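Participant: Listed here are the chains, written in short residue letters.
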Amino acid sequence: MPDRSNVNIAVLEDRAKFIRTETVRLTKIAGAGHYSSTFSCAEILSALYYAQMRIEPAKPDWDNRDRFVMSKGHAAIGLYPVLADLGYFPPAELDTYTRLGSKYGDHPDMKKVRGLDFSSGSLGHGLSVGVGMALAGRIKGLDHRTYVMLGDGEISEGQIWEAVSSASHFKLGHLVILLDRNGLSIDGHTEDIMAIEPVHDRFASFGWDVQRVDGHDLPSILAAFDALPRGTTGKPQCIVFDTIKGRGVKRMEMSLDWHVGNLVGEDYDDVMAELEAGLQPYEPEPAE
Amino acid sequence: MTTEMQNEAEIFRGTTEGKTVFKDTRSVRGTPRKGMPAFVLGEELAEMAKTDPRIVVATADLASANRTNDFKDVHPDRFFDFGIAEKNMITAAAGMAASGMVPYVATFASFASILGAEQIRTDCAYPRMPVRVIGTHSGMSMGFYGSSHHALEDLGMLRCMADLTVICATDANHLRAVLRASADHPGAMYIRLGRGRDPEVYAEVPDLTIGKAIRLREGTDLTLIATGSQVRAALDAALAMAADGIGVRVVDMHTISPLDRDEVIAAATETSAIMTVEEHNVTGGLGTAVAEVLIDLPRLPFKRHGVPDCYVEVGPPAALYAAYQLDAPGVEAVARDFIAGI
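Quick note, the sequences are listed as chains A and B, same order.
Residue numbering for the first sequence follows our numbering, starting at 1 and increasing by one per position.
Residue numbering for the second sequence follows our numbering, starting at 1 and increasing by one per position.
Everything labelled a hint here was simulated from the structure, so no lab data went into it.
A couple of the hints might just be wrong.
[Stated by the list, open to error] Derived lysine to aspartate or glutamate pairs resembling DMTMM-like cross-links, with alpha carbons at most 25 Å apart:
#, chain 1, residue 1, chain 2, residue 2
1, A, LYS171, B, ASP337
2, A, LYS112, B, GLU118
3, B, LYS72, B, GLU153
4, A, LYS112, B, ASP184
5, A, LYS140, B, GLU47
6, A, LYS111, B, ASP184
7, A, LYS250, A, GLU191
8, B, LYS50, B, ASP184
9, A, LYS28, A, ASP201
10, A, LYS235, B, ASP61
11, A, LYS235, B, ASP81
12, B, LYS303, B, ASP337
13, A, LYS171, B, ASP73
14, A, LYS17, A, ASP267
15, A, LYS171, B, ASP61
16, A, LYS103, B, GLU118
17, A, LYS111, A, ASP85
18, A, LYS140, B, ASP184
19, A, LYS111, B, GLU118
20, B, LYS50, A, ASP63
21, A, LYS235, A, ASP201
22, A, LYS59, B, GLU292
23, A, LYS112, B, ASP163
24, B, LYS303, B, GLU218
25, A, LYS111, B, ASP163
26, A, LYS140, B, ASP77
27, A, LYS235, B, ASP77
28, A, LYS140, B, ASP52
29, A, LYS140, B, ASP73
30, A, LYS103, B, ASP163
31, B, LYS50, A, ASP201
32, A, LYS140, B, GLU43
33, A, LYS112, A, ASP85
34, A, LYS140, B, ASP70
35, A, LYS140, B, ASP81
36, B, LYS212, B, GLU292
37, A, LYS171, B, ASP77
38, A, LYS103, A, ASP63
Since we're looking at a predicted model, the values are computed, not measured.
Work the whole structure out from these sequences, hints included.
Facilitator: What follows is the structure, given as structure tokens:
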């Protein structure tokens with residue numbers, strides 16, 4: 001396990017900032033990237049990898065490590081810097097991001113990215129992967145957890161609900177959904193495009209334990225993690241994280257224009273400066 | 001009527017076992033526990049799993065129909081019924097494989113391959129997971145259950161996926177050989193089976209190398225390259241033609257991808273003509289794969305035989321095989337016409 005004796009809220013805030021600034025930097029290399037979907041889950045990723053998951057970066061194949069499946073694979077741009085920072089691979093490799101022959105594409109490939117537990121990109125698959133990992137862990141007598149990050153728009157995919165049923169049926173209490181409830185899919189608000197509310201009740205009615213917390217408030221995130229039961233049976237666990245798509249950059253917050261984008265020149269510098277200043281209180285745009 | 005597989009009375013007959021009391025001895029119920037000699041799937045995997053702790057088996061509400069029940073009886077802790085949720089089953093198998101297991105997941109070929117195509121590609125083949133997707137009741141062997149339950153496109157769809165081994169089991173002993181060879185085969189596999197009553201080609205478990213065809217009969221006038229259910233029909237056709245002095249080589253091209261190019265080249269250089277025979281749409285399957293090899297060689301007479309590019313008629317399987325000339329007399333007739341026209 002990495003030494004976590006110095007990990008505190010300030011450290012996790014700093015790593016969330018690092019996830020955002022690296023996302024902006026890597027997007028510039030690519031010429032396009034998924035900013036806002038990554039910003040919404042920056043605090044969740046920070047808390048997960050720096051405080052919560054049982055991992056040993058020196059042993060990425062350790063059988064009893066916790067698994068993480070980034071089912072919303074388009075947010076991999078925020079995961080790569082974390083994996084590099086933890087020592088899975090040299091951070092300098094990130095400079096190749098998306099260039100010909102790079103290990104690091106917009107959607108992640110487990111055969112190329114050291115420390116990545118599964119490939120993703122096609123939405124709706126990741127929870128099934130997690131079901132399989134949790135079943136395999138049980139067969140092997142291991143006690144690791146499997147975390148799966150889902151996008152909120154993603155849960156419109158039917159396969160998600162096949163997996164939700166099976167996790168409950170197989171009593172996968174060591175399977176944890178991290179739902180990034182950032183409110184937007186590409187074409188608009190989820191409730192306008194394809195409603196998912198009441199999302200808490202949907203998961204609960206399928207036999208899952210559900211928590212719902214502010215996904216940008218690190219103490220709340222850690223408290224939700226602490227509330228997860230131990231053991232490899234019982235109700236599967238879902239944490240609905242209410243988040244803000246594009247959180248951290250004013251022009252992107254809850255904007256439909258920034259699912260994919262590219263910032264250069266002064267715009268790049270402005271956004272980097274804004275991120276360096278840390279999260280400011282969220283102020284919704286007045287309705288037009 | 002080549003074999004018992006085309007005896008309609010055998011095809012859908014259930015069992016008289018169970019609580020129901022019948023007044024007429026011809027009445028049946030449900031799915032038989034026995035009587036599908038080619039479905040050695042469950043028992044063979046159960047045997048393998050006794051010494052291989054990586055093996056797990058799953059199905060999608062068809063444990064009885066495909067006899068994965070026979071595995072469940074021996075290894076209940078390593079068997080999972082995912083219900084009618086094939087996509088979840090295939091992807092979950094990939095998740096298990098990522099954690100060191102070797103999962104065999106079985107359902108009707110139509111659902112395994114067509115419904116599950118993206119899961120096979122994106123979650124099994126692309127990350128090179130050792131998942132074995134087993135499609136049973138392939139081709140039109142579901143007969144009058146109709147085109148929703150037929151898989152006449154699976155070979156074409158799946159053989160164009162990189163890093164996916166596509167293989168057709170010929171009969172019970174061949175299936176045993178395929179399963180034994182699969183345990184340590186790298187990457188994902190699609191294993192295509194018939195309906196469990198497939199006629200015998202191999203009296204014993206054959207020596208089998210994945211990707212290497214098996215030459216069953218020699219001849220120089222024509223090579224029949226067949227796969228799956230059509231190997232027996234091709235052999236019987238060759239036997240009948242031999243009586244008239246026509247020498248027919250018969251090749252069991254069990255592995256569709258990667259194709260045994262050398263065996264195709266040998267047929268093209270050592271025999272006078274080639275005809276492929278498959279229970280599959282002539283577009284995209286074995287015939288197309290063989291044609292892709294032949295296109296780079298000097299021309300020789302070549303014919304694809306299979307289901308024409310259509311959804312087949314409703315009918316009992318035996319009637320369908322006869323109607324589409326995919327029984328032994330049909331294959332023989334098509335082959336004779338072909339070489340007569342050369």
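Participant: Measure nothing beyond the straight line between the CA atoms of A:LYS140 and B:ASP73; if it is 25 Å or shorter, mark the hint as holding.
Facilitator: holds, 20 Å
Participant: Under the criterion that the straight-line Cα-Cα distance not exceed 25 Å, is the pair A:LYS103, B:ASP163 satisfied?
Facilitator: holds, 19 Å
Participant: Hint check: B:LYS303 vs B:GLU218, CA-CA at most 25 Å. Holds or violated?
Facilitator: holds, 19 Å
Participant: Does the structure keep B:LYS303 and B:ASP337 at a Cα separation of 25 Å or less?
Facilitator: The hint holds at about 11 Å.
Participant: Decide if the proposed pair is consistent with the structure: A:LYS140 and B:GLU47, CA atoms, cutoff 25 Å inclusive.
Facilitator: holds, 19 Å
Participant: Compare the distance between the alpha carbons of A:LYS112 and A:ASP85 with 25 Å, and conclude whether the hinted pair is satisfied.
Facilitator: Measuring from Cα to Cα gives roughly 17 Å; hence the hint holds.
Participant: Taking only the CA atoms, is the gap from A:LYS171 to B:ASP77 under or equal to 25 Å?
Facilitator: Holds, at roughly 14 Å.
Participant: Compare the distance between the alpha carbons of A:LYS111 and B:ASP163 with 25 Å, and conclude whether the hinted pair is satisfied.
Facilitator: Holds: A:LYS111 and B:ASP163 sit about 13 Å apart, inside 25 Å.
Participant: Can you confirm whether the C-alpha distance between A:LYS140 and B:ASP70 stays at or below 25 Å?
Facilitator: With a Cα-Cα distance of about 22 Å, the restraint between A:LYS140 and B:ASP70 holds, given a limit of 25 Å.
Participant: Mind checking the alpha carbons of B:LYS212 and B:GLU292 for me, to see if they're no more than 25 Å apart?
Facilitator: Since the Cα atoms of B:LYS212 and B:GLU292 sit roughly 17 Å apart, the hinted pair holds (cutoff 25 Å).
Participant: Is the hinted pair A:LYS112 and B:ASP184 satisfied, with a Cα-Cα distance of at most 25 Å?
Facilitator: At roughly 22 Å apart (the allowed maximum being 25 Å), B:ASP184 and A:LYS112 satisfy the hint.
Participant: For A:LYS103 and A:ASP63, compute the direct alpha-carbon distance and say whether it is at most 25 Å.
Facilitator: holds, 24 Å
Going down the numbered hints, you'll see the structure goes against 1, 3, 9, 22 and 31, while the others check out.
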